[in-house]
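Starting from the structure of chain U, add chain W where the hints point.
Number of protein chains: 2
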Amino acid sequence: MISEQIYMQEVLKKAWQYQLRTYPNPAVGALLLYNNEILALEAHQKAGTSHAEVLAFISAYENMSQQKINFDRFDANKAHAFLYDLPKEFFSECILFVSLEPCSHVGKTPSCASLVAKLKPKKVIIGTLDPIQGHDGGIKRLEEQGIDVKVGVCEKEALELIEPFLIWQERAFVLFKIAQTSNGKIGGGYLSSKESLMHVHQLRAVCNKMLIGGNTVRVDRPTLDCRFSLNTLGGDMAPNIMIYSKADNFDRAIPLFSVEGREVEVVSRLDFKKPSFILVEGGEGMLKALQHDIDWLLQYQTPILSCHNSNYEIDLKVKFMFQYKISVDLLLWSKIIKK
Amino acid sequence: MISEQIYMQEVLKKAWQYQLRTYPNPAVGALLLYNNEILALEAHQKAGTSHAEVLAFISAYENMSQQKINFDRFDANKAHAFLYDLPKEFFSECILFVSLEPCSHVGKTPSCASLVAKLKPKKVIIGTLDPIQGHDGGIKRLEEQGIDVKVGVCEKEALELIEPFLIWQERAFVLFKIAQTSNGKIGGGYLSSKESLMHVHQLRAVCNKMLIGGNTVRVDRPTLDCRFSLNTLGGDMAPNIMIYSKADNFDRAIPLFSVEGREVEVVSRLDFKKPSFILVEGGEGMLKALQHDIDWLLQYQTPILSCHNSNYEIDLKVKFMFQYKISVDLLLWSKIIKK
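Protein chains in written order, with full-length UniProt numbering: chain U, 1 to 339; chain W, 1 to 339.
The shape of chain U in the complex, shown without the other chains:
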């Protein structure tokens, strides 16, 4: 076991905190090491804002200079411009860990590979190469600058992290979210912690569509917005809603239908062909109806055992992908094993 793997695991752990929230970008984490001290551990947080490497360099700058920057670090153009202007050798003794090959193309943000090549840390350690054609080529730029590049540290885990990203290149990535007690009870009014609620709303804020069942609308009369997202990066939009129902007999006066800027559609057939991120919230009925379409399951397990009569009954095999605590709750990300 070597330290490199431990640092990369920290990078992956950080990136998982923003899993799916970076849609349509992949989740990426980055760490800067100097003289065996971690100067920065950051993750990409939201598409259109600074990438993980950039945030790590900015934090590292603040750490090394003991000076706070006076601009918005999530503004990629400003952050890149600031970093380009630093003295040439500023990061030359640092080691950069990043879970995914720095991007070589210029999209909503400037190229990270070019920036890293300019900043020239003494070593760049990468989890996995960017598997998307046209996005690759990042390490070539680094190597051209004589930077020592190592690829493949915790590669399996680095690939698992970006699995949703790979799926939504091709078709819809479908996440089923469920909140349950640790003994599997749902819907009994178990509130997840405030932090878990915030997390759900952050996913709602970035998905293309939220998919719910007709009964949810009829019985729960929900709003399904993302008011608790509290995303300081802004840009949160209440999700567009897709109601899966044979009948279109809904009370249009409930809040669901009056959230500003939102589209609500009622569909009797589902199609997941279009590249997108679909968030499904529902109970046993929706889980059963969609069991062959769901890619991943996200369980929010509250630290409670309950005797409430509200089980969910389904036969599914899963693979536990990653788990961590948010506040007192356990978040368990699983992949559905398709037959």
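FYI, nobody ran anything at the bench for these hints, they're computed from the structure.
Values in this document were obtained by computation on a predicted structure and should not be read as measured data.
For chains that are exact copies, the list does not tell them apart, and a pair is met inside one copy or across any two.
Below, computed lysine to aspartate or glutamate pairings styled on DMTMM-like, alpha-carbon distance capped at 25 Å:
| no. | residue 1 | residue 2 |
| --- | --- | --- |
| 1 | Lys177 | Glu313 |
| 2 | Lys194 | Asp315 |
| 3 | Lys156 | Glu195 |
| 4 | Lys88 | Asp75 |
| 5 | Lys150 | Glu4 |
| 6 | Lys13 | Glu155 |
Here is chain W on its own, set in the frame of chain U:
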């Protein structure tokens, strides 16, 4: 965030793998760092065998010298003697991380504090001081040798790790083990992975008593030995069994009663006053009967959702203490929050 904390988290993670299996000793982990490379990451595995620090020094020796030792590393006397004979400066550039203050007293094994003082790494970083009177004093010995000692890195987590140890100083520590699907189904013939089964048997092998309900004996006719423990350190004994039952009407011909060297008693009243480690295996009935006596819950969650009609119904608050995967299963350690 500093690297020290990350290394200590690795130490804690390693120690949790042997949680309770070190009974009556505390779970302890240790790591040796040299020139930013992890030379060794070890945990105490079984009472009476080498402590975490000793295993770490032995592994580090092998790593640095590229030579395998030719004796049993778990034999504490041999391991101490070997380490005492190494050249004086062998570990002088190493940093030792250990989750608990090295022991100063001589018990079944020689004092680790004396050994570490002799080996004199340049720094010793400790999670928490030994809270047991008479066991403390370890750091004093190190500081007397001029070793730089730092205490309190990840202290809260280091204390949580040894909570069972603190409890069984005073009274019985009661662990309730349950195997369930991720949606809370039990007893439907869900086999945990081979590795989880091994883990259960390793706990059985060290507990003072296994506590089960009368119906388990009547209906399941189990053996309840620890044949899958496969503990290479040896010394595994099938656990003594305490059957909690009003009536003593059991078929003495079932394997449970014929395991060699085991005591089986039938009790109609329970008492957890005596310092010990009690492992409870059972279903809903036992969980309900013992809900006020259980200290910790250990859930083996298999990566399955099932519609089997086998829920367990109880109202309990818990605190999730630690979670990790063993093979495909999730092990979730929780503390029962007593009212």
